[in-house]
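A.B. asks: Fit chains B and C to the known structure of chain A by using the hints.
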Amino acid sequence: MLYPSSGTGQFAANSAKIIRFVRKGCTNRPFFHIVVAERRIEQQGPAIEQLGTFDPMPNEQDEKLVSLNFERIRYWIGNGADTSKSVRRLLGLAGFYPVHPTSYITASKNRRTEEEAALKASEETKPNETSPANV
Amino acid sequence: MSIFRNLQGILTQIPFKYNAIYPVHMNACLIRLLSYVPAEYGPERDPAPLYFNPEVQSLLKSLTRVNLDRVFRKRKLGDKALEIPTYKFMTDEQLQETIEEAKKRADELLQMPPVVQVRKPIDRIIVKDPALQGLDSSRHIFTDVSFGIKDSDRLIVIREPDGTLKEADWAVRDRMNQLYFPKPCRSLKMPRLFQEEYLSNLLSHKEYIFVLDRACTQFEPDNPDYQRVTSITYQHINDNDDFEILRSTRHFGPLAFYLTWFKNIDNLLLELIETAHIDNANNLLQLYGKIHSVQYNTQELQSLEGITEYIKTAAQKKGPLELAVQAYKDLERQRNELKQGIQVAHGLA
Amino acid sequence: MAVHVLNIVKSLQKLTINSRCRLAPTLHKRLIPELPTNEVIFANTTRNSTNFFNKLPAEALWKGITSVSNAGKKRGRGKRVSKKNIKDLNRGQVIGVGKANIVWPGLTAPIIRGKELVEQQKLPEDPEREKKLSELRDRMGNIRHAKLSPLERGWSGSKMPGRSIGPPDPIGEDTFDGFDTKVLELKTVFNMKGNFGRKRRLSVFVITGNGNGLAGFATGKGIESRTALRKAKNRAGQKLMHIKVFRGHTVFHDFFTQFGKTKIFVSQRPEGHGLICHRAIRTICEVVGIKNLYAKVEGSTNVQHVAKAFILGLLRQRTHEEIAEEKRLHLVELCKENGYFPKVLASPTSCRKTNELKHDEVLDFTQYCLDGRVILKRKTFPPFYTKHRSWEIYLKKQEKLRNHDKVRVHMKAEYGELRSFLTEKYPEARPAKPKLKSEKDANEEQTEN
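Line by line, the protein sequences are chains A, B and C. Numbering-wise (this note's numbering), the first sequence opens with residue 1 and increments by one. Numbering-wise (this note's numbering), the second sequence opens with residue 1001 and increments by one. Numbering-wise (this note's numbering), the third sequence opens with residue 2001 and increments by one.
So here's chain A without its partners, still in its complex pose (with noise of 0.2 Å):
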């Protein structure tokens, strides 16, 4: 059976709701619908509703883009709906939560990664620079 993408609105009564990804697209090519979903069941099972999309994959322009129907979100999330950490993580980049405590770490970590790696490649490149002027 296929379930509509957009959410079947149904639920079970006080069953607990989390708003989190769902992996569509293929193999190769992932792309996430945003949905609120009743937390026992699985990632591919029916959704109560669509609350957005995010397409991990940078476009043409550098750009990857989020859609998030914030309206929805609020309701559900007043609704006692749970939010998983990577939605959190978006949501923070959005701007409509703090900033995830775990993006900053991972930017610290990429920055530092990033800095030792220039610095090796710039003793790797001196000495070869170096070389020929003794010659």
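It should be emphasised that the hints constitute simulated quantities derived from the structure, not laboratory data. These numbers come from a predicted model, not from an experiment. Positions of the beta carbon are idealized from the N, C-alpha and C atoms, including for glycine. Hints may contain errors.
Claimed, not checked - Distance condition first, Cα-Cα at most 35 Å in a straight line; then the derived DSBU-like pairs of lysine-lysine:
| id | chain 1 | residue 1 | chain 2 | residue 2 |
| --- | --- | --- | --- | --- |
| 1 | C | LYS2122 | B | LYS1104 |
| 2 | B | LYS1074 | C | LYS2379 |
| 3 | B | LYS1080 | C | LYS2055 |
| 4 | C | LYS2291 | B | LYS1074 |
| 5 | C | LYS2400 | B | LYS1183 |
| 6 | C | LYS2291 | B | LYS1080 |
| 7 | B | LYS1206 | C | LYS2336 |
| 8 | A | LYS24 | C | LYS2433 |
| 9 | C | LYS2055 | B | LYS1076 |
| 10 | C | LYS2122 | C | LYS2055 |
| 11 | B | LYS1183 | A | LYS24 |
Unchecked claim - Pair ranges (Cβ atoms, derived):
| id | chain 1 | residue 1 | chain 2 | residue 2 | range |
| --- | --- | --- | --- | --- | --- |
| 12 | B | SER1200 | C | ALA2146 | 34 to 42 Å |
| 13 | C | GLN2258 | B | GLN1178 | 30 to 38 Å |
| 14 | A | GLY95 | B | GLN1178 | 41 to 49 Å |
| 15 | C | HIS2388 | B | ASP1092 | 40 to 48 Å |
| 16 | C | SER2203 | B | ASP1092 | 49 to 57 Å |
| 17 | C | LYS2396 | B | SER1058 | 54 to 62 Å |
C.D. replies: Relative to chain A, chains B and C alone:
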């Protein structure tokens, strides 16, 4: 981009001035090269309050000259097969009623595309967060897709790789709106027909209605590209005296408004006098007076007073206009003589 | 060693039925210097001198293959025997002429030429002989009918019905310019004569017209098809009728018409629709000058009845002026491509008022033209397989592919080939190009060499 546009804005004022000095020479040059300098409704003065003024609208409408046969001409709708026509028996009253309904629909079809100022660039930074630098190499665009929000009011923000959160500029806004809320016949990228070389080819084939219709579907009216395309088209029409092609379409009003706004109505006025539409010529001068706050004696729609006044004071093509007025006067005199002659022959006078 | 080989050859020769095995002479040639006598080889003669091939004469053999006896036919034998499959392999062959091009004096050449004796000798092989033979054999068996050009073809290949036979012959100085005649039916008919018995004739039914509203139909009979066609054509030219065509392309209104048991529902269609109807009706329309129409034939589809019913219907059409006058109402056309602007087709001399309309009056134009008849339209049901589970699975699989063709078209418009902005980054992910035919052939040749 904005600098370039400003530069263009400065440039636009030049050709018209040149026109005033060397009217014929400059026109010939423009036609040969097909290189028009687009003139847009710049930030100095907003045309919208004038354009949407009911009096101006009614003037533009009378200049359009509604001809129902042309409004409801046979159109190619892109269907695979034509629809089977329906036939109906109607009494006189029913027929009148359907014609009235059709007239209402004609009003809708002839609703003129808005003429507004070019939009101002957006550069509002919401927050700068350098601690987020290095999180991602590409920027994130967040679009609010909540139900019932207008495209112009939609919240679209960008998180840059350096951690800045800012509002999206117009190009991105247009792209996101078309991506998440697609409008029919509008493409994500600007179609090639609006590029200079293809556009000039289309214009030389006199596909004005096609170009203008397509521009209406593709762009918002405050888009600088829209104003560029329409202004080039209008200038082309003006230089080739192809006003008749646009009559009874929704684009005639904006054309007349554009020409009046940029004080370039001589060709249109000449055409109106030559085709003996003196009432329309007076309408045009009324419009001119409204926009540039000048007063011509145009109360009497059939009189030539206002026109001669305009020719004396403001016209750039004085010679041809005066000749046309003289020719009209001669024609009128001959017509009167003929009328009298006929009456005499019938023994009425 | 040689003796050993010989023994093997001997045993092989015993195994083969035909003693004149190819192996023998070659061996024989090589062995000659070693063997003083050649009796060892040729001593092994055929045991059985009579077999199937030399017991019967060629004619009997030939007959046995190519024909079936009457009794056999009754039992259903020889169903695959046809002249198509029979090939006379003797044709083109001459005694003494073979693959090896040898001059046989006395057989293929004179014994004495001039004063010299012609010697038996081998000439270089003729490469074209084989080709000629195979060509001759290919040509045998399949009798070809003269092929007509697609424009001249009738409803079914080179059969007469549907074919055009030109305008009727001129009468005195009156010529039928712009006319064309098409055959609708050609059949054999018999009648019994008192002293002669069954007499066979051909009956032809044709329609002639100028493609502009003038048409006539007639039958003609004759023993030969040509005379029958001529008679019918000229008779049709004498029976022309005027047929009204709306705007030069279709019928004035939908109508129902009947002749005998043949009932036809005809309906008007817009330009570009074409003739969707029985082939006889289509041919009539082509001749009359109707280009767009839909017609449904119910009941008998006897061609003469269909033609008569259709032409009767065409003649009974009423023009819009007549209808408007009869109804005393305006007749208005509403077209989608004109934005449903009311276009008055016909107006009566005096129009009725709205309150003068009767409550039970037929005001629907189609209903009025069909005399209150209603065309039965069957409800279309979804196809059976949509209920299957496999259909659901199929739909699920297709879900991923639903936009592929659009993307492909878009890419071609954008880049002129199947590529995207990611192609430069991932050059290995380029789609496999379908090979061109010429390239394929070139590759095959290379591998063969």
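A.B. asks: For a quick check of understanding: which of the numbered hints are violated here, in increasing order?
C.D. replies: 1, 3, 9, 12, 13, 14, 15
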